Amino acid sequence: MYVWIWRHLPGPLAARLAQVLLMVLIVAALLLFIVFPWIEPHLPINQVTVPGE
Amino acid sequence: MAHIAVTDPPGGGPPAKGPMAAGDRVRLVLRGVGQTLITLGLVVLLFVVYEVWITNIFAARAQSKVADALQHQWAGGKDPLLPLPGETDPTIPLGTGIGVLYLPRLGQDFHFTIVEGSVVPTDGELEKGPAHYRHTALPGEVGNFAIAGHRVGKGEPFLNIDKLRAGDSVIVETKTWWYVYKVKGSPAGSNPQNSKDPDGIPGREIVPASDGNVLLPVPDHPGEKATERLMTMTTCHPKFTASHRMIVYSTLVTKVPNTDLKMPASVRDLYQAVKG
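Heads up: the protein sequence lines correspond to chains A and B, in order. By the working numbering, the letter at position 35 of the first sequence is numbered 41, and the numbering carries on one by one without gaps. By the working numbering, the letter at position 151 of the second sequence is numbered 1369, and the numbering carries on one by one without gaps.
Just so you know, these hints were derived from the structure itself, not from any lab. These numbers were taken from a predicted model, which means no experiment stands behind them. We treat Cβ as the ideally placed atom computed from N, Cα and C, and that holds for glycine. Treat each hint with caution, since some may be false.
Said to hold, decoys possible - Over the 10 angstroms line for every Cβ pair with chain B, so calculated as not near, a few chain A residues:
id	residue
1	M7
2	P16
3	P18
4	L19
5	A20
6	A21
7	R22
8	Q25
9	V26
10	L28
11	L37
12	I51
13	V56
14	P57
Stated by the list, open to error - Have a look at the derived ranges for each label pair, beta carbon to beta carbon:
id	chain 1	residue 1	chain 2	residue 2	range
15	A	P50	B	P1303	16 to 22 angstroms
16	B	G1241	A	H48	40 to 46 angstroms
17	B	Q1411	A	A24	51 to 57 angstroms
18	B	P1475	A	V41	29 to 35 angstroms
19	A	G17	B	K1457	43 to 49 angstroms
20	A	I40	B	L1300	39 to 45 angstroms
Said to hold, decoys possible - Derived coverage of chain B by chain A (criterion: at least 3 residues anywhere in the stretch with Cβ under 8 angstroms from a Cβ of chain A; other residues may be distant):
id	stretch
21	1300 to 1314
22	1425 to 1439
23	1486 to 1492
All chains should be built: construct the whole structure from the sequences, respecting the hints.
Structure, rendered in structure tokens:
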């Protein structure tokens, strides 16, 4: 997949590197700010309370 | 994923034509599996970054907002812990500040505004700061003032709560008083884990996640009537898991009037008492 993406990027090496960086940043941002906050409450981690009355 | 790269010859030249040799097919599948696993590994690493770093940024913002709101309220002469005129009990909006927690053992800059929580504090409340279990006592009252706080990420107020030793000060500032609790257990300075006071309550214990008895007016003693003014802190244990809870108990030893919303000298002296 990565090879395929790399081959289909237009432009010289520097332009391709810039595009890859941009894509990595977009994917990371999607994960950090949308996917993880959504998925986290469903994971059995970091629960700090005990049942109340 | 990598099956799209079916026609890649090694070296990334122009796509090869014609049927693929069996060896190429195996190499292709292996490459696809490898890339997928590496990608998943990176996603998991990124999740750790999110959990221990990004969530702290958002939580710090939320905490500073409730802290400012509480200081503003106090400066305006309003005490959220007092009942409104004509009522007998205070009605504190969920997720708003009620007091400030100081733990001298964890350093001069350790202070968190405690927010009012639900009967079981929610994720939203806990992200703002340590949250009070609504049905438990208020600061300084006879009974059990119980709060929950995150251990890892989300501001992680209770990350190092296991560093507290028997006799360490737990300070809660409200509009009217500075309450000074001491971590239970003896002798002072020792590991409070399961080190019980004469009343049978330890300084610290690890309990199953479902053990709500730690919130009782007399913790772990159902049906008993409270005589002490206790404070209980709950967080997760071990770090990153949901299986157990770490509980730290302290008992009120003194209170000092909060005259000008500044830490009185006698309370400040407690920071000197912390020995390495």
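Quick rundown of the hints versus the structure:
1. Taking the minimum C-beta to C-beta distance to chain B, about 4 angstroms, the non-interface status of M7(A) is violated against the 10 angstroms cut.
2. The beta carbon of P16(A) is kept farther than 10 angstroms from every beta carbon of chain B, the shortest such distance being approximately 15 angstroms.
3. Chain B leaves P18(A) outside its interface by the beta-carbon criterion, the shortest separation being 15 angstroms against a cut-off of 10 angstroms.
4. The claim that L19(A) is not at the interface with chain B holds, since no C-beta of that chain comes within 10 angstroms of its own (minimum 13 angstroms).
5. With a closest Cβ-Cβ approach of about 18 angstroms to chain B, A20(A) is found to remain outside the 10 angstroms limit, as its non-interface label requires.
6. Residue-level check passed: A21(A) sits 17 angstroms from the nearest beta carbon of chain B, beyond 10 angstroms.
7. Against the 10 angstroms criterion, R22(A) stays outside the reach of chain B, whose nearest CB is about 12 angstroms from its own CB.
8. At roughly 16 angstroms from the closest C-beta of chain B, the C-beta of Q25(A) stays outside 10 angstroms, upholding its exclusion from the interface.
9. Here V26(A) stays apart from chain B, with its beta-carbon at least about 14 angstroms from theirs, past the 10 angstroms limit.
10. Here L28(A) stays apart from chain B, with its beta-carbon at least about 17 angstroms from theirs, past the 10 angstroms limit.
11. With a cut of 10 angstroms on Cβ distances, L37(A) falls inside the contact zone with chain B, its closest approach being about 6 angstroms.
12. With a cut of 10 angstroms on Cβ distances, I51(A) falls inside the contact zone with chain B, its closest approach being about 5 angstroms.
13. The non-interface label for V56(A) is inconsistent with chain B: the shortest C-beta to C-beta separation is roughly 5 angstroms, within 10 angstroms.
14. Its closest Cβ contact with chain B, about 4 angstroms, brings P57(A) to no more than 10 angstroms, contrary to its assignment away from the interface.
15. For the pair P50(A) and P1303(B), the beta carbons lie near 45 angstroms from each other, so the given range of 16 to 22 angstroms is not met.
16. G1241(B) and H48(A) have their C-beta atoms about 43 angstroms apart, which keeps the hinted 40 to 46 angstroms range intact.
17. Checked against the hint of 51 to 57 angstroms, the pair Q1411(B) and A24(A) passes, with Cβ atoms roughly 54 angstroms apart.
18. In this structure, P1475(B) and V41(A) break the distance hint of 29 to 35 angstroms, their C-beta atoms being roughly 50 angstroms apart.
19. For G17(A) and K1457(B), the hinted distance range of 43 to 49 angstroms is satisfied, since their beta carbons lie about 46 angstroms from each other.
20. The hint said 39 to 45 angstroms for the Cβ distance between I40(A) and L1300(B), and at roughly 42 angstroms that hint holds.
21. Note: the stretch 1300 to 1314 of chain B has 0 residues with beta-carbon separation from chain A under 8 angstroms; the three-residue rule is not met and the coverage is violated.
22. Counting residues of the stretch 1425 to 1439 of chain B whose beta carbon lies closer than 8 angstroms to any beta carbon of chain A gives 7, which reaches the threshold of three, so the coverage claim holds.
23. With 0 residues carrying a beta carbon less than 8 angstroms from a beta carbon of chain A, the stretch 1486 to 1492 of chain B misses the three-residue requirement, and the given coverage is violated.
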